[in-house]
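Peer 1: Taking the hints into account, I'd like the entire structure generated from these sequences.
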Amino acid sequence: MRIDVTSQDLMASRFAISPLIETMHAQWMLAGRVQAGPHAEWVERWRGTYARLAARYPALRAAAAVSGNIGAANVDFIAPPPTAVDVAFADELAAVRATPVARAHAEIERVLAQRPPVTGWVRDLLLGPEVVELFAEAYEALWTDILVHDWARLHAILQRDVAYRAGRLAAYGWAAALDDLSPRVRWRRSGHIEVRMLSGREERHDLGGRGLLFLPSAFMTSIATYLDESWPYALLYPARGLGAAPPRADAGLALLIGRSRARILAELAEPATTTQLAALLGQSPGTTGEHIAALRRTGLIAGARVGRGVLYTRTPLGDALING
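Residue numbers for the sequence shown follow the UniProt record's numbering, so the first one is 1 and each next one is one higher.
Hints may be right or wrong, so weigh each one.
Unchecked claim - Here are the simulated distance ranges between beta carbons:
#1 S222 with R115: 14 to 22 Å
#2 D91 with G286: 25 to 33 Å
#3 Q8 with E109: 31 to 39 Å
Note that these hints are calculated values from the structure, not bench results. These figures come from a predicted structure and were not determined experimentally. For each residue, glycine too, the CB sits at the ideal point set by N, CA and C.
Peer 2: Following this line, the structure appears as C-alpha cells:
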C-alpha cells in the first residue's frame, strides 16, 4: 500500500489515543481471536468477566464476522478513529451512536460479501435496525466492567509512545518517526509511506492535505489502517516496549535510595509526567510526587514544563547512578 504525503499533510498529521479502539482490540484478545502475548496474565484475570459479558451482549460474539479479521475487510463504525488527540471514551461512544444505520449496514454488507457465510442470528443482528446501539451497549459494558480498571496504566504507556514519536516527527520528519514503527512500514524519499499489508493488496491513497492520524495500541501486534473516506485516515501500530518487563533498578541502588525511587529513576529512561509514573508504578500521584520531589532535590532528575504538565527526565548524574 502506498500513502502519498505532502508538506501540508506533515503539518496536519498527529498522534492520538483512542480508548474505544483499545476496547475493541482488547475484545479480540479476550475472545481468543489474537495471541495474548505480554497480556496473558491480564487475559486470564478477566476471562470469566468477559464470558459473562459475551453471554449477555450477543454483539460481542457477532463482532467476529466483521471486526478483527487480520488481512481482510473490517467495518469501521463500531470503533472509528477519534477526532481529537486524547478524547474521552464517552465522547467516542457518542460518535458511534450517531452513526446512521444505513452507513453501518453498508459497511457490514461490504465486509460480509468478502467473508464466509455467517449463521442466521448473526446476520439478523448485523443487518437489523438496532445494530449500532447493540454494538455501543456491548462496548460500553466491556469498557465499564473490564478496561476502565487498567486504563490509567495503559494510558500512561500510550502517552509515552505518543510523546516520543510526535517529538521525532516534529524534529526530524517522517523517516525518523516511522523508523521503528513496524518492519512493514517505511518512509520513501519520493514522498510517500509504504505499508506492506498482509492481504497483499496493491492500493494507493492520497492524504490530500488532511494528514494522517497515528494511533498507538497496547493490544495490537500488527499494523492496521483506516482509509475509508467516511472517517479520518489513520494508521494503527503497536505501542513501544509493551512486551518488555518493567525497568528494574539495581538491588543495591534500591537499598540506597528506596525501591520506588529507584524504579522511577529506571522508568525515566524515557521522559514521563507524575501521572504517568504513578500509573506505571501503581501508586497514587501524591506518593509518586513525593518521590519525584526527593529525586529532584538530589539532582538525579529534572523537570520541564510542557503545556499544562511537567515532563521529568534523568540528569547526567541520574544516568550515571542508574547505569552504575
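Peer 1: Does each hint hold? Answer for all of them.
Peer 2: Checked hints:
1. Checking the proposed 14 to 22 Å range against S222 and R115 shows it holds: the Cβ atoms sit about 19 Å from each other.
2. At roughly 28 Å, the beta-carbon separation of D91 and G286 lies within the given 25 to 33 Å, and the hint holds.
3. Distance hint check for Q8 and E109: the Cβ-Cβ separation is about 34 Å, which falls inside the suggested range of 31 to 39 Å.
Figure legend: structure checked against the earlier numbered hints; every hint is met.
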